[in-house]
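Put chain B with the ligands on the given structure of chain A with help from the hints.
Number of protein chains: 2
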Amino acid sequence: MRVLIIGGGGFLGQKIARSLAASGTLRGEPITAMDLADLAAPPPMDAPFEVACHAVDISDATAVSALFSSRPDVIFHLAAIVSGQAEAEFDLGMNVNLFGSIHVFEAARALGTNPVVVFTSSCAVYGGEIPEKIEDYTQLNPQTSYGAQKAAAELLITDYSRKGFLDGRAPRLPTVTIRPGKANAAASSFMSSIFREPLQGEEAVCPVDPDYALWYASPRVTVANLIRCAEIPAASFGENRGFALPGRVGTIGEMIEAMRKVAGDEPVSRIRWEKDQRILDIVTGWRPHINPVKARALGLAADASFEDNVRYFLEDDIRR
Amino acid sequence: MRVLIIGGGGFLGQKIARSLAASGTLRGEPITAMDLADLAAPPPMDAPFEVACHAVDISDATAVSALFSSRPDVIFHLAAIVSGQAEAEFDLGMNVNLFGSIHVFEAARALGTNPVVVFTSSCAVYGGEIPEKIEDYTQLNPQTSYGAQKAAAELLITDYSRKGFLDGRAPRLPTVTIRPGKANAAASSFMSSIFREPLQGEEAVCPVDPDYALWYASPRVTVANLIRCAEIPAASFGENRGFALPGRVGTIGEMIEAMRKVAGDEPVSRIRWEKDQRILDIVTGWRPHINPVKARALGLAADASFEDNVRYFLEDDIRR
Ligand SMILES: NC(=O)c1ccc[n+]([C@@H]2O[C@H](COP(=O)([O-])OP(=O)(O)OC[C@H]3O[C@@H](n4cnc5c(N)ncnc54)[C@H](O)[C@@H]3O)[C@@H](O)[C@H]2O)c1
Ligand SMILES: NC(=O)c1ccc[n+]([C@@H]2O[C@H](COP(=O)([O-])OP(=O)(O)OC[C@H]3O[C@@H](n4cnc5c(N)ncnc54)[C@H](O)[C@@H]3O)[C@@H](O)[C@H]2O)c1
Numbered sequence: 001m002r003v004l005i006i007g008g009g010g011f012l013g014q015k016i017a018r019s020l021a022a023s024g025t026l027r028g029e030p031i032t033a034m035d036l037a038d039l040a041a042p043p044p045m046d047a048p049f050e051v052a053c054h055a056v057d058i059s060d061a062t063a064v065s066a067l068f069s070s071r072p073d074v075i076f077h078l079a080a081i082v083s084g085q086a087e088a089e090f091d092l093g094m095n096v097n098l099f100g101s102i103h104v105f106e107a108a109r110a111l112g113t114n115p116v117v118v119f120t121s122s123c124a125v126y127g128g129e130i131p132e133k134i135e136d137y138t139q140l141n142p143q144t145s146y147g148a149q150k151a152a153a154e155l156l157i158t159d160y161s162r163k164g165f166l167d168g169r170a171p172r173l174p175t176v177t178i179r180p181g182k183a184n185a186a187a188s189s190f191m192s193s194i195f196r197e198p199l200q201g202e203e204a205v206c207p208v209d210p211d212y213a214l215w216y217a218s219p220r221v222t223v224a225n226l227i228r229c230a231e232i233p234a235a236s237f238g239e240n241r242g243f244a245l246p247g248r249v250g251t252i253g254e255m256i257e258a259m260r261k262v263a264g265d266e267p268v269s270r271i272r273w274e275k276d277q278r279i280l281d282i283v284t285g286w287r288p289h290i291n292p293v294k295a296r297a298l299g300l301a302a303d304a305s306f307e308d309n310v311r312y313f314l315e316d317d318i319r320r
Numbered sequence: 001m002r003v004l005i006i007g008g009g010g011f012l013g014q015k016i017a018r019s020l021a022a023s024g025t026l027r028g029e030p031i032t033a034m035d036l037a038d039l040a041a042p043p044p045m046d047a048p049f050e051v052a053c054h055a056v057d058i059s060d061a062t063a064v065s066a067l068f069s070s071r072p073d074v075i076f077h078l079a080a081i082v083s084g085q086a087e088a089e090f091d092l093g094m095n096v097n098l099f100g101s102i103h104v105f106e107a108a109r110a111l112g113t114n115p116v117v118v119f120t121s122s123c124a125v126y127g128g129e130i131p132e133k134i135e136d137y138t139q140l141n142p143q144t145s146y147g148a149q150k151a152a153a154e155l156l157i158t159d160y161s162r163k164g165f166l167d168g169r170a171p172r173l174p175t176v177t178i179r180p181g182k183a184n185a186a187a188s189s190f191m192s193s194i195f196r197e198p199l200q201g202e203e204a205v206c207p208v209d210p211d212y213a214l215w216y217a218s219p220r221v222t223v224a225n226l227i228r229c230a231e232i233p234a235a236s237f238g239e240n241r242g243f244a245l246p247g248r249v250g251t252i253g254e255m256i257e258a259m260r261k262v263a264g265d266e267p268v269s270r271i272r273w274e275k276d277q278r279i280l281d282i283v284t285g286w287r288p289h290i291n292p293v294k295a296r297a298l299g300l301a302a303d304a305s306f307e308d309n310v311r312y313f314l315e316d317d318i319r320r
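Heads up: the protein sequence lines correspond to chains A and B, in order. Per full-length UniProt numbering, the very first residue in the first sequence carries number 1; after that it's consecutive. Per full-length UniProt numbering, the very first residue in the second sequence carries number 1; after that it's consecutive.
Extracted from the complex, chain A is given alone in its bound form (with noise of 0.2 Å):
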């Protein structure tokens, strides 16, 4: 079993890695060898198979062919320009999140094996005209450029599948928060550094009313499903390999709640409310209410309380 994570460098990218390098297996199967791709070659990594690092730009088409060479049996697809960026470099989101895509599914049609690759995709994909409860048949009416190229690179993939080029899997990831590391400027950035930074010690700055309702995972749960997403027999899909992942609807109030029931009342005073027009005009296009029936009946899961994601920063990001 060779696996290859693109993208590997990012953080669910290494948090994948650093799971499979933990438990040593995929799909029933030890895993011999694993690559990881990124801009910057990623950071050597202990684990119990030998770890190969590359630099590669997947927007370059003869590059990801040659990273294909090492004919892994699973690809992580993770490589991505995020949403603020693809909206205001329009090309460069086309050239990675669409382009660079393709590039990534005709090097793994081109291996003839017909490999697992597990794509992540976004609840981005939903906006626009479509009914307040999104279910599994609800229309992907994206009403951003990364949305819109995720949502094209969906569809290509469910036809490559069809068609037996490669085995594919594209979850729509919820908003993922705790995210460590710093804030960056993704609209959603303050969905983790409000709870990340005052658990720290530090300030920070929420931008929207106590009442804005978000749909959300953990990384450790998001972890956990792409991995299985990788399992899960081909058949059980059906005849589209994108569905939303399970997550849970909460207001910024009620985490803010479930942080003060984990870490007591001193990081919920550490956050300072400042109203912003000009994130809040992106992020209230956002809809938090999903019914992912498809990925509940898949064996996917979501996390049982925001205090879940407060204990799992704790544990797994700080390391204190």
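Everything labelled a hint here was simulated from the structure, so no lab data went into it. Treat the hints loosely; a few may be bogus.
Copies of the same chain look alike in the list, so a pair counts if it fits in one copy or across any two.
Distance condition first, Cα-Cα at most 27 Å in a straight line; then the derived DSSO-like pairs of lysine-lysine [what the hints assert, rightly or not]: (1) Lys163 <-> Lys275; (2) Lys182 <-> Lys15; (3) Lys294 <-> Lys133; (4) Lys275 <-> Lys182; (5) Lys182 <-> Lys133; (6) Lys15 <-> Lys133; (7) Lys261 <-> Lys182; (8) Lys294 <-> Lys15; (9) Lys163 <-> Lys294; (10) Lys182 <-> Lys294; (11) Lys261 <-> Lys275; (12) Lys15 <-> Lys163.
Just chain B with the ligands now, with coordinates in the frame of chain A:
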């Protein structure tokens, strides 16, 4: 007003060109010039304005960019590899239906004038696990490569429109019948040939049962709808440029009875019934129950009866 019709040598492209030549106007302005482009240069056409004919392969980005040196105000983009061929020749379908469409969108964007682009999508974007009755917010779940490529191009034309790169309109056409000319290799070919051939004294084979239902529109109504799609104000389209055009649901049996009313018993007697499992396998997945609320609100129309379709064919296409 300069008009460009890409795929202008095809069935609908020729009919749009002739309709514009007859009216001489579009969007309330006199047409000053029309360019017709297709794989082979379309034949010259009489019109009250200059008509230029070009041989262009849209899978060649440079050729598409050169075609746009005429700086069109309205582009009809009809060039496509149709369903049967896109299924048999996957790479050709991708190169024309997806990448070729992107070349057209990029050339329109490069004009910097936000030109109107009418892109003909198809009801083949529907399929798979979706409710029987299709609403405007039902997921596009194509089960053919042609449908997947059309659906992906729809997502992009909506995003290009949102960004202000072009002013796109992506109507999903019903099966257009009665199509003149020769039978083609499309699985839907019989939906025209069982009327077209008998109305001209020839035999035809019907490969499905009389109770097989389809979603259809006449060429005359389709051409009027496509021209109207170019004329509707951009703001009316809301947050998605893709939408199902109006059509009619009819069973083959009902459509044959309509032909009998217009043309008598003789043509009906020329239909032979001979089931064809290969055709049944494809067309059984198609969806006749579409509720095009948005298109009706936009003032787009369906035929009044299949008797009209038969009459239009006799008037427009046989010219006897
Ligand atoms: N984190 C979330 O909340 C969330 C939600 C929905 C979807 N997703 C999706 O999950 C995936 C992983 O998300 P993440 O949070 O780990 O993001 P991340 O930004 O931490 O990781 C993405 C990685 O892709 C790499 N990358 C970008 N362009 C590349 C290119 N041209 N070639 C090669 N690598 C390139 C980046 O360097 C980065 O390391 C992404 O596809 C993202 O769109 C994430
Ligand atoms: N006729 C229908 O029932 C129907 C239904 C749904 C959608 N549509 C869509 O409507 C459009 C027109 O349909 P039609 O029935 O007139 O089809 P058609 O096949 O008669 O016309 C399509 C034209 O595109 C041209 N073409 C193909 N590849 C090309 C390339 N690489 N570069 C330039 N031109 C190329 C062909 O030569 C042809 O003349 C198509 O986009 C089709 O997918 C048609």
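Do the hints match the structure? See the list:
no. : hint              : verdict
1   : Lys163 <-> Lys275 : between (49 Å within a copy, 26 Å between copies)
2   : Lys182 <-> Lys15  : within (16 Å within a copy, 59 Å between copies)
3   : Lys294 <-> Lys133 : both (15 Å within a copy, 20 Å between copies)
4   : Lys275 <-> Lys182 : within (21 Å within a copy, 65 Å between copies)
5   : Lys182 <-> Lys133 : neither (33 Å within a copy, 47 Å between copies)
6   : Lys15 <-> Lys133  : neither (31 Å within a copy, 42 Å between copies)
7   : Lys261 <-> Lys182 : within (24 Å within a copy, 74 Å between copies)
8   : Lys294 <-> Lys15  : within (25 Å within a copy, 44 Å between copies)
9   : Lys163 <-> Lys294 : within (22 Å within a copy, 33 Å between copies)
10  : Lys182 <-> Lys294 : neither (34 Å within a copy, 44 Å between copies)
11  : Lys261 <-> Lys275 : within (25 Å within a copy, 68 Å between copies)
12  : Lys15 <-> Lys163  : neither (31 Å within a copy, 35 Å between copies)
In terms of the numbered hints stated before, the structure departs from hints 5, 6, 10 and 12, listed from lowest to highest.
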